[in-house]
Amino acid sequence: MGRAVSSPAGKFKLGDRVTVKFEDRPGHIRTPWYIRGKTGWIERIHGDFLNPESLAYGRDGLPKRTLYLVAFNQADVWGRSAGPSDKVLVDIYEHWLDPAR
Amino acid sequence: MSDTPAEAHGHEHPKHELSHYAKRIYAIRDLLLEKGVLTEKDIQCQVEYQEARSPANGSRLVARSWVDPAFKARLIAEPKAACAEMGIDATAINEFVVLENTETVRHMVVCTLCSCYPRPILGRPPDWYKSFNYRQRAVVDPRGVMREFGLNLADDVEVRVHDSTADIRYLVLPLRPKGTEGRGEVELAKLVTRDSMIGVMDALSAVPE
Amino acid sequence: MSRGHHDVGGLPDAGAIEQSEHQLSDWEILADAVNQALGARGIKRTDEMRRAREEMDSETYRDMTYYERWIASIETILIEKKILTKDEIDRRLAEFEKEWGEP
Numbered sequence: 093m094g095r096a097v098s099s100p101a102g103k104f105k106l107g108d109r110v111t112v113k114f115e116d117r118p119g120h121i122r123t124p125w126y127i128r129g130k131t132g133w134i135e136r137i138h139g140d141f142l143n144p145e146s147l148a149y150g151r152d153g154l155p156k157r158t159l160y161l162v163a164f165n166q167a168d169v170w171g172r173s174a175g176p177s178d179k180v181l182v183d184i185y186e187h188w189l190d191p192a193r
Numbered sequence: 026m027s028d029t030p031a032e033a034h035g036h037e038h039p040k041h042e043l044s045h046y047a048k049r050i051y052a053i054r055d056l057l058l059e060k061g062v063l064t065e066k067d068i069q070c071q072v073e074y075q076e077a078r079s080p081a082n083g084s085r086l087v088a089r090s091w092v093d094p095a096f097k098a099r100l101i102a103e104p105k106a107a108c109a110e111m112g113i114d115a116t117a118i119n120e121f122v123v124l125e126n127t128e129t130v131r132h133m134v135v136c137t138l139c140s141c142y143p144r145p146i147l148g149r150p151p152d153w154y155k156s157f158n159y160r161q162r163a164v165v166d167p168r169g170v171m172r173e174f175g176l177n178l179a180d181d182v183e184v185r186v187h188d189s190t191a192d193i194r195y196l197v198l199p200l201r202p203k204g205t206e207g208r209g210e211v212e213l214a215k216l217v218t219r220d221s222m223i224g225v226m227d228a229l230s231a232v233p234e
Numbered sequence: 072m073s074r075g076h077h078d079v080g081g082l083p084d085a086g087a088i089e090q091s092e093h094q095l096s097d098w099e100i101l102a103d104a105v106n107q108a109l110g111a112r113g114i115k116r117t118d119e120m121r122r123a124r125e126e127m128d129s130e131t132y133r134d135m136t137y138y139e140r141w142i143a144s145i146e147t148i149l150i151e152k153k154i155l156t157k158d159e160i161d162r163r164l165a166e167f168e169k170e171w172g173e174p
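Protein chains in written order, with the numbering used here: chain A, 93 to 193; chain B, 26 to 234; chain C, 72 to 174.
Just so you know, nobody snuck in bad clues.
Below are the EDC-like pairs computed for lysine to aspartate or glutamate, each with C-alpha atoms no more than 20 Å apart in a straight line:
{"#": "1", "chain 1": "C", "residue 1": "K153", "chain 2": "B", "residue 2": "E59"}
{"#": "2", "chain 1": "A", "residue 1": "K113", "chain 2": "A", "residue 2": "D190"}
{"#": "3", "chain 1": "C", "residue 1": "K153", "chain 2": "B", "residue 2": "D55"}
{"#": "4", "chain 1": "A", "residue 1": "K156", "chain 2": "B", "residue 2": "E120"}
{"#": "5", "chain 1": "C", "residue 1": "K152", "chain 2": "A", "residue 2": "D152"}
{"#": "6", "chain 1": "C", "residue 1": "K115", "chain 2": "B", "residue 2": "E65"}
{"#": "7", "chain 1": "B", "residue 1": "K155", "chain 2": "C", "residue 2": "E89"}
{"#": "8", "chain 1": "A", "residue 1": "K113", "chain 2": "A", "residue 2": "E186"}
{"#": "9", "chain 1": "C", "residue 1": "K169", "chain 2": "B", "residue 2": "E37"}
{"#": "10", "chain 1": "C", "residue 1": "K115", "chain 2": "B", "residue 2": "D67"}
{"#": "11", "chain 1": "B", "residue 1": "K48", "chain 2": "C", "residue 2": "E159"}
{"#": "12", "chain 1": "C", "residue 1": "K152", "chain 2": "B", "residue 2": "D55"}
{"#": "13", "chain 1": "B", "residue 1": "K155", "chain 2": "C", "residue 2": "E125"}
{"#": "14", "chain 1": "A", "residue 1": "K156", "chain 2": "B", "residue 2": "D192"}
{"#": "15", "chain 1": "B", "residue 1": "K155", "chain 2": "C", "residue 2": "D134"}
{"#": "16", "chain 1": "C", "residue 1": "K152", "chain 2": "B", "residue 2": "E59"}
{"#": "17", "chain 1": "C", "residue 1": "K115", "chain 2": "B", "residue 2": "E59"}
{"#": "18", "chain 1": "B", "residue 1": "K60", "chain 2": "C", "residue 2": "E166"}
{"#": "19", "chain 1": "B", "residue 1": "K40", "chain 2": "C", "residue 2": "E170"}
{"#": "20", "chain 1": "B", "residue 1": "K60", "chain 2": "C", "residue 2": "E151"}
{"#": "21", "chain 1": "C", "residue 1": "K115", "chain 2": "B", "residue 2": "D55"}
{"#": "22", "chain 1": "B", "residue 1": "K155", "chain 2": "C", "residue 2": "D84"}
Hints are computed from structural coordinates only; laboratory data are not their basis.
Bound conformation, chain A alone:
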């Protein structure tokens, strides 16, 4: 895991700690509720993709957004974890991520 795809527009690097924005915005959102506000790290850079939030309404999805695989410790997401090193990994677009403080 952790293959880096070149993405000149992408602002995060592998291993960067990131926090998912805690926003409640309308429209077609592919950032699940349970992960909003949680902090993890960049596990993989998938590359640039058309923005589904725009495509869902018949628009062209441009400009493309960088998509990341972000890994989270289960305990950090749910407050508990059956296995101490268990993780949940989510594909998240850059505009939903802030650098972790």
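Knowing the structure of chain A, use the given hints to seat chains B and C on it.
Relative to chain A, chains B and C alone:
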């Protein structure tokens, strides 16, 4: 307005007994054909495309990976190209990632938001994969889900649950079962269940009688 | 705004995974094929279908079966794109129902 060959493939219900929306697709289909939005061939092509896709494709990829380390490396690095090598058409997948299970790491795949699944490789997802129960539990209680499928893991194994929320499609490469040394690909493929490529269970250790 | 009815990851009170499977009915195979064919022709995108499902009434969403939701979404998108009208679909369905006979 007559039935197309597409309808010979499924489970037949008398149409007047179908639910409201089930009936509606016939009207929608008919109108789309009449207006030239779609052709009969368009629809039939999709029926055939879907029928050609099944977990057997995935099993072949996994079995080849088990016996051929160079192929496994290619499958992980360039999955679509590796599929093409084996005559499996994965071109419909935008981006494809293979998740390799090991003695210390197990992967599991879910789409909590809908039911995204690597259909071009594995065919249609099972009903349970699309169910609310799976979508709710997979991310928070993966070990509980695995136990229901017969897989009990020690605490020191890392469970990694992937929520496929975007255009990436994930395929789990299950661990080769112990005691299968010397077996050929065809035999090994029989041990690779669909559910092991979703990650809720390991591959079988023996073909069921 | 609040969490969408489709956004179910981590919601509590989920039960055991029902592992039995059903063989697809004709109408489900047709719904699948029409959906894919519309995509192949560039008439609609998967993202639009997902959004249509998300915008459905929540009770309806939970009560419908998987392919019923697809059919409702296909209809919503086709009407939105002015390819079909609800009236046309209703009328054609009424004609078919006459043919099929009522239960």
